[in-house]
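> Produce the complete structure using the sequences and hints provided.
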Amino acid sequence: MLKFRDYSIKKKLTLMNMLVSGVTLLLACVAFGVYELATLRSNMVKTLSIQAQMVGANSASALLFNDAKSGENTLSALKAAPTVLSSGIYTLAGEPFAVYRRGAGGFVPPIPPMPAGQTEEHWFADKELKLIRSIVFQGKPIGTVYIRSDLQEMNHRLVQYVGIVAAVLSVSLTAAFLLLMAFQRAATRPILQLAETARIVSREKTYSVRAPSTDNHDEVGLLIEAFNEMLVQIQARDAALQTSQEELEQRVTQRTAELDATNKELEAFTYSVAHDLRAPLRHIQGFSNLLVESFGPQLEPEAKKHLQRIGEGTQQMGRLIDDLLSLARIGRQEPRLQATGLNSLVQEVLRDLKTETEGRDIQWQVGDLPFVDCDPGLMKQVFYNLLSNAAKYTRPRKPAVIDIGQVSWEGQLVNFVRDNGVGFNMKYADKLFGVFQRLHRKEDFEGTGVGLATVQRIIHKHGGRIWAEAEIDKGATFFFSLTSQNDGRQRANGPEGGKNGDGKRT
Amino acid sequence: MVPREGRTVTAREHEAIEILLVEDDPLDLEMTLRALDGDRVNNRIEVARDGEEALDFLLRRGAHTGRSLESQPKLVLLDLKLPKIDGLEVLREIRARPETRTIPVVVLTSSAEQRDIVETYKLGVNSYIQKPVDSVQFRQTVKAAGFYWLVVNRPPLVEA
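These protein sequence lines are chains A and B, in that order. Going by this note's numbering, the first residue of the first sequence is number 1, and it counts up by one from there. Going by this note's numbering, the first residue of the second sequence is number 507, and it counts up by one from there.
Among these hints, one or two may not hold up.
To be verified - Some but not every residue of chain B turned toward chain A, in silico, with C-beta under 10 Å:
#, residue
1, R540
2, D543
3, S616
4, S633
5, K637
6, D640
7, F644
Derived by calculation from the structure, the hints in this document are not laboratory data. All residues carry an ideal CB built from backbone N, CA and C; glycine is no exception.
Put into structure tokens, the structure is as follows:
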């Protein structure tokens, strides 16, 4: 069943008004009814009292002379009063002296006692009005008159009254309802129209509709005006938004096209680099080598040295091209994430570095590293570049100590690679990860200046961060985080731990 | 040792061709031939300078009409970046034709780009070799490839 608060405003108003007018009318009718009843009763009592007085006055002598016949004659005059059921004259001792009864049968009830100091008393009881009155002769009571009257007349009047009330109520409520309908339409129509407009707006998401305005300057009129004003503003804003969105889309399309063109150019460029740039180097190498092989004995030692430098130069150029291509490749490809144990990755890298570090005194200290979601190939390159850097810049140390581990940094677990090598000046820390940026002279430490740029690009591709701390001659520490690292750790501790176990083997 | 001109090594009549070398760069060609020199195959190398020449030879058309099927090479050394018809197209064609489908093809090129490697393997290349910049490595690599594919490897007979 619908609750009152869920009724439509129209129904609510109708119900409220009908209830109010109904209750008011009913209260008025009840008040009148009560008044009417009281009047009726007092009138009945008055009539009965007069009748009792008349009976008393006319029967005093009969009582005095003990003439019961005369008393009964007097009583029989009550026949004219249709409501009197029975009546009796009683002696002072309470004995019935003369009795009158309407109709047959019945018995003469003993009279109720007269309250002390009163000459008359009446009761409404058992759908009857009973009245007793003392018969007084020369100031002295000589007997009592008792009259019983039924309330039929009064009840009849009451029934009539209820009927009238019902008629009045229904007529006036109908009239009130009709009036209400007429007024209500004027009062609720704007609200209903407003509600309908709001419904259309919310359902069809169209802001071009307007609620029909009224000439009323009441709250509803203000509400409608404000609502329409709001729609106007929304429409204007919508239009502006649409325009700017179209502009934006157009700009995005244009930029995308530009970007596509640039990307194609870049692709073509790297393709050309990969295919064409290496060939001349190969030729320089190949033919200067051939020169040594074919004409070695005829060459001056100085000439051989020059040829060796040519060879070194071309080899360096070849490495540069390889590193640049790798950097470009990482820029193009998205990392393919899978759960990877960093410890096994580090072990692989250490194996790969074996030839490079042969004859060196290096203490590798590998701590507990986490399982992370990362691209294993790319992450291996990160470790390869960082570890080979560490090995390179600790070359003057005996022993070189290189730590690989995990540490808590500002509430986040990050990986680090620390060495006791030559370090660098923190003043140049921001140049560390730039392409072709080098902090050491080539004759001291070889390199292309692409390795750390590659590392940074891979870390960024994983949504992580890399930074370094160092001191000259004390060593350097590289820290890096991977955003997916924490996820990986949580998963390793979670119910899917077994799944990570598989990941470890990959 | 006398340096040889571009297309100096030609198969003699009735002699089976060991290698078809498809290479447009004259210096690379010379380096490759030098690397293969000294092996028993040196006189039986056919050189094609572009993709069209390579396909003409393999499919026995143009200048090579009437060449017998028995003289099909045992190995194709294929560069990818070639004039007229590029290496990928040549490879596609070789794998599409019944008379060349089973010939081992080794790509010998400058690039180590993944898309090149993936594409050629998708087309059914037998091996992919990046030409090393270092000349010593270059010679060793080419020698090793020739040794493996011509001596160690057992190719199927060419079906007529």
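> Min Cβ distance, R540 of chain B to chain A: is it shorter than 10 Å?
Cβ of R540 of chain B sits 8 Å from chain A, so the hint holds.
> Given a cut of 10 Å on the nearest C-beta pair, is the interface hint for D640 of chain B held or broken against chain A?
holds (6 Å)
> Does the CB of S633 of chain B sit less than 10 Å away from some CB of chain A?
With Cβ-Cβ at 18 Å, over 10 Å, it is violated.
> Just to be careful: measuring from the Cβ of K637 of chain B to every Cβ in chain A, is the smallest value less than 10 Å?
K637 of chain B check passes; min Cβ-Cβ to chain A is 6 Å, inside 10 Å.
> Would the hint on S616 of chain B stand, with a C-beta cut-off of 10 Å toward chain A?
With a closest approach of 4 Å, the S616 of chain B hint holds.
> Given D543 of chain B was flagged as interface, is its beta-carbon under 10 Å from a beta-carbon of chain A?
Cβ of D543 of chain B sits 12 Å from chain A, so the hint is violated.
> Tell me if the interface restraint on F644 of chain B is satisfied: Cβ within less than 10 Å of some Cβ in chain A.
holds (6 Å)
Checked against the numbered hints above, the structure breaks hints 2 and 4 and satisfies the rest.
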